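Peer 1: Residue numbers (our numbering), protein chains in the order written: chain A, 57 to 371; chain B, 36 to 350.
Simulated from the structure, these hints should not be mistaken for laboratory data.
Predicted, not measured: the structure shown is a model, and the values here were computed from it.
Treat the hints with caution; some may be incorrect.
Stretch-level coverage of chain B by chain A, calculated; a stretch enters the list once three of its residues show a Cβ under 8 Å from a Cβ in chain A [unchecked claim]:
hint: 1; segment: 78-91
hint: 2; segment: 116-130
hint: 3; segment: 147-156
hint: 4; segment: 165-178
hint: 5; segment: 296-302
hint: 6; segment: 313-324
hint: 7; segment: 327-339
With a cut-off of at most 27 Å between alpha-carbon atoms, the simulated DSSO-like pairs for lysine-lysine come out as follows [as the list claims (entries may be wrong)]:
hint: 8; chain 1: A; residue 1: 272; chain 2: B; residue 2: 57
hint: 9; chain 1: A; residue 1: 272; chain 2: B; residue 2: 238
hint: 10; chain 1: B; residue 1: 238; chain 2: B; residue 2: 257
hint: 11; chain 1: B; residue 1: 57; chain 2: A; residue 2: 279
hint: 12; chain 1: A; residue 1: 226; chain 2: B; residue 2: 57
hint: 13; chain 1: A; residue 1: 192; chain 2: B; residue 2: 108
hint: 14; chain 1: B; residue 1: 58; chain 2: A; residue 2: 192
Every residue gets a Cβ at the ideal spot worked out from N, C-alpha and C, and that includes glycine.
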Amino acid sequence: MISKTAPQDTPVRTAQSTRDAGAPVSRRRRRGGSARPIGVRRSSRFVLNGVLILTALYFLLPVWWLLVSSSKTNSGLFASNGFLFSGFHLVANIQDVLSFGGGLFGRWMLNSLIYSGLSGLGATVFGSACGYALAKFEFRGRGLIFGFIMSGVLVPSALLTVPLYLMFSKIHLVDTYWAVIIPGVVSPFAVYLSRVYALDAIPDSLLEAARIDGAKELQIFLKIVVPMMRPALVTVFLFSFVSAWNNFFLALVMLSNQKLYPVTLGLYQWFSDKNQTTYNVVITGSLLSVLPLVVAFLALGRFWRAGLSAGGVKG
Amino acid sequence: MSALTRPATPSARARGRSSARKKRQRGAVALFVGPFLVLFLLVFAAPIVYSAVQSLYAERASGPLGLGGLASKFVGFANFQTVLHSGDYWHGMERVFLFGIVQVPFMLFAALALALALDSIAARGVAAFRTAYFLPYAIPGVVAALLWAYLYIPQLSPYTGVLSSIGLHPNLLGPGLVLWSIANITTWSYTGYNMLIILASLKTIPQELFEAARIDGASEWKIAWRIKVPAVRRALVLTGVLSIIGTLQLFTEPTVLQGISFGVTSTYTPTMYTFNAAFANSDSGLASAGSIIIALIAGALSVAYYRLTTGKADR
Numbered sequence: 057m058i059s060k061t062a063p064q065d066t067p068v069r070t071a072q073s074t075r076d077a078g079a080p081v082s083r084r085r086r087r088g089g090s091a092r093p094i095g096v097r098r099s100s101r102f103v104l105n106g107v108l109i110l111t112a113l114y115f116l117l118p119v120w121w122l123l124v125s126s127s128k129t130n131s132g133l134f135a136s137n138g139f140l141f142s143g144f145h146l147v148a149n150i151q152d153v154l155s156f157g158g159g160l161f162g163r164w165m166l167n168s169l170i171y172s173g174l175s176g177l178g179a180t181v182f183g184s185a186c187g188y189a190l191a192k193f194e195f196r197g198r199g200l201i202f203g204f205i206m207s208g209v210l211v212p213s214a215l216l217t218v219p220l221y222l223m224f225s226k227i228h229l230v231d232t233y234w235a236v237i238i239p240g241v242v243s244p245f246a247v248y249l250s251r252v253y254a255l256d257a258i259p260d261s262l263l264e265a266a267r268i269d270g271a272k273e274l275q276i277f278l279k280i281v282v283p284m285m286r287p288a289l290v291t292v293f294l295f296s297f298v299s300a301w302n303n304f305f306l307a308l309v310m311l312s313n314q315k316l317y318p319v320t321l322g323l324y325q326w327f328s329d330k331n332q333t334t335y336n337v338v339i340t341g342s343l344l345s346v347l348p349l350v351v352a353f354l355a356l357g358r359f360w361r362a363g364l365s366a367g368g369v370k371g
Numbered sequence: 036m037s038a039l040t041r042p043a044t045p046s047a048r049a050r051g052r053s054s055a056r057k058k059r060q061r062g063a064v065a066l067f068v069g070p071f072l073v074l075f076l077l078v079f080a081a082p083i084v085y086s087a088v089q090s091l092y093a094e095r096a097s098g099p100l101g102l103g104g105l106a107s108k109f110v111g112f113a114n115f116q117t118v119l120h121s122g123d124y125w126h127g128m129e130r131v132f133l134f135g136i137v138q139v140p141f142m143l144f145a146a147l148a149l150a151l152a153l154d155s156i157a158a159r160g161v162a163a164f165r166t167a168y169f170l171p172y173a174i175p176g177v178v179a180a181l182l183w184a185y186l187y188i189p190q191l192s193p194y195t196g197v198l199s200s201i202g203l204h205p206n207l208l209g210p211g212l213v214l215w216s217i218a219n220i221t222t223w224s225y226t227g228y229n230m231l232i233i234l235a236s237l238k239t240i241p242q243e244l245f246e247a248a249r250i251d252g253a254s255e256w257k258i259a260w261r262i263k264v265p266a267v268r269r270a271l272v273l274t275g276v277l278s279i280i281g282t283l284q285l286f287t288e289p290t291v292l293q294g295i296s297f298g299v300t301s302t303y304t305p306t307m308y309t310f311n312a313a314f315a316n317s318d319s320g321l322a323s324a325g326s327i328i329i330a331l332i333a334g335a336l337s338v339a340y341y342r343l344t345t346g347k348a349d350r
């Protein structure tokens with residue numbers, strides 16, 4: 057559906073917004089504000105800001121609650137207002153999290169890092185090579201292959217995961233790292249974004265010149281194409297990393313050995329086991345598990361927006 | 036190269052070069068596209084085929100998960116009949132439909148409104164608001180569900196006091212409200228994400244359009260409604276289709292809430308039904324049939340939504 061409907065002009069427009077990935081934020085954000093002399097009237101602007109702030113509170117307060125609650129003892133959670141600090145036991149809570157249930161939490165965090173890191177890396181390598189080839193080489197079946205890959209975006213993962221489990225169990229991959237990493241490596245979005253970016257950012261003449269100079273195709277890809285596609289590659293890595301970090305269903309289906317759990321599955325297990333676990337452990341564990349992603353989000357915001365603009369123009 | 040092997044005529048030379056080039060190209064395409072395609076076939080295509088085959092068989096087995104040395108018997112469409120006649124499955128389907136009819140439009144409308152609002156206010160505030168709205172997306176689905184689960188427990192939640200001060204004592208985890216408590220979690224998680232896609236799409240509208248409209252005396256409301264909304268239609272189609280698919284696969288949030296709510300059964304959504312069939316009842320045939328029906332409905336709804344929202348000219 058997507059491939060069939062993407063008209064000729066789409067890649068160009070998309071790529072323009074994608075190319076911004078590397079540009080400094082300030083340069084891109086110049087418009088609006090003073091550039092708009094005839095803006096909204098002052099009274100309605102007041103209302104607008106009020107609504108925006110209330111909405112921001114809706115999104116931020118739960119995160120604030122998590123932060124505050126991680127510093128409370130288990131009884132303190134019930135005895136105080138959830139949005140206000142009451143005592144400071146964060147360090148003790150962290151110690152509890154790290155030692156709880158045989159001290160698996162650290163291992164879970166490491167597992168999540170391994171799953172997400174390798175999924176992100178694989179998705180970037182395979183996706184960018186494929187996207188580049190689809191953009192820059194003409195061969196029979198190119199459109200068909202691209203359409204085929206893009207149709208993967210629309211397949212519900214629920215349809216894939218259970219049969220994948222049955223297949224993997226036949227070849228003894230279930231309950232191994234590979235069971236989680238292999239599916240994470242395949243990202244149609246990575247192919248889409250790389251193709252769009254390569255179409256726009258890599259001139260054919262440059263590739264031609266390198267070929268005339270006698271460069272091999274693999275050399276051209278590694279030495280010329282990859283450096284030029286770097287902003288897109290960072291975006292692809294980020295999206296694949298986060299989607300692997302979030303893929304709870306896959307881990308739940310594939311893994312039964314606790315030592316292989318990613319942190320999301322581990323926390324879920326603690327949460328469900330109410331006889332053993334106390335609230336402060338799950339809450340503080342949740343906070344710790346979220347920190348790496350929140351840092352990545354805040355630090356790499358422009359790459360997020362680049363990826364989402366590509367998504368936005370894709371029809 | 037040309038000096039020694041110069042062919043007799045220019046056209047022959049061109050032909051010789053182009054065939055060598057084709058060969059080299061074919062090698063490069065295989066190298067770049069091949070690995071992704073193989074993995075894609077393994078992770079996307081094979082499970083679908085496998086699932087289609089499985090759905091026609093029933094395993095009369097005693098072993099765990101119905102694996103290994105079991106008699107599987109061809110039963111035709113019996114599994115589909117079982118699913119289609121299952122009250123649990125259809126109640127789950129009804130729930131996600133109700134959920135989708137309310138939550139998806141609400142979320143997309145909120146995302147559109149926020150994007151339009153951020154697009155019209157001064158540049159300085161935009162980055163902060165945008166980050167605040169997008170932040171929940173950085174929190175993995177499981178953790179978001181855990182977080183809200185705690186915020187729904189009356190003894191623990193800081194919202195209890197706020198609600199009771201205005202005379203409300205809702206049982207957010209009861210059978211009547213829990214579906215909407217789940218809807219709140221997904222709205223919280225994904226509104227900012229959808230807003231960013233729409234916002235990125237708004238940035239691609241040429242500024243001259245607004246200036247021309249203002250000179251003609253159009254109000255900001257009119258500009259938003261007549262220029263901006265039609266311009267982001269593609270983004271709305273995309274976010275809409277992805278939300279529909281996501282809703283039909285609803286799994287993580289109800290699964291987490293199941294731990295603390297009697298309102299959530301083990302077959303609360305169709306995906307939970309298939310998960311339950313596969314792992315609690317070891318019935319992979321039934322699970323496959325259930326997954327295929329989910330995928331078919333998701334496909335049909337996506338196509339319907341796409342046709343509804345996309346004009347003939349765009350198709």
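Peer 1: What hint numbers does the structure not satisfy?
Peer 2: 2, 5, 9, 12, 13
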